[in-house]
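Peer 1: Sequence:
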Amino acid sequence: MPNTLATELENSGRTVEVIAAYVQHYVNERYQQAWQEMLPELEQTYATKGEPAYGLYCIRFFQPLKEELEQVGLQAEQNLPGNFPSSIEEWGPRDYRERRFWTVLRESNGEKLGTLVTRIFHDHTKLRLPQAPAVLPLSQTDDEAIKQFVMQID
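Here the sequence shown stands for residues 0 to 153, numbered as in numbering that gives the first Met the number 0.
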């Protein structure tokens, strides 16, 4: 894991690109271990409620990052990686679906810094994450520009 988010922002600049790279590194280093640690609870949730198990995983997995953002004076408009109204799921076969979430980041003074777009890959046939989430930076913060970007990701 690189330095703390505060150190990364100090060393590399306070940009959405630096934040996205930091978040992606966090994801790459921890997503599988976190999945395994939460798996018994996720399996129980999946057995009784289905796909909300993926939402539970995302909320818990990304919570430490939300707290790190707050420690450096940044706020995510929604929870990380985003919420269902700020997401689109239109890609992939049932066993390799992709939902794209986004959340706008704001400075403590309310100024918009940029948007984090997070691609969550999941399985609709069984409880499984077929690949690590992918985090992308976006300088735009307008809802229509974000949606256009999200729809054009390859």
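These are computed hints drawn from the structure, not numbers from a lab. Wrong hints could be hidden among the right ones.
Keeping only pairs whose Cα atoms sit at most 30 Å apart, straight-line, the calculated DSSO-like set for lysine-lysine is [as the list claims (entries may be wrong)]:
1) K65 <-> K111
2) K146 <-> K111
3) K125 <-> K111
4) K125 <-> K146
5) K111 <-> K48
6) K48 <-> K146
7) K65 <-> K146
8) K65 <-> K125
What follows is a set of in silico ranges between Cβ atoms, one per label pair, in the way DEER data are often shown [unchecked claim]:
9) P51 <-> D94: 14 to 20 Å
10) G72 <-> D94: 40 to 46 Å
11) N82 <-> E36: 39 to 45 Å
12) R59 <-> H24: 35 to 41 Å
13) D153 <-> N10: 40 to 46 Å
All figures in this text were calculated on a predicted structure; none of them were measured in a lab. Glycine included, every Cβ here is placed at the ideal spot set by N, Cα and C.
Peer 1: Looking at the structure, which of the earlier hints fail to hold?
Peer 2: 3, 5, 11, 12 and 13
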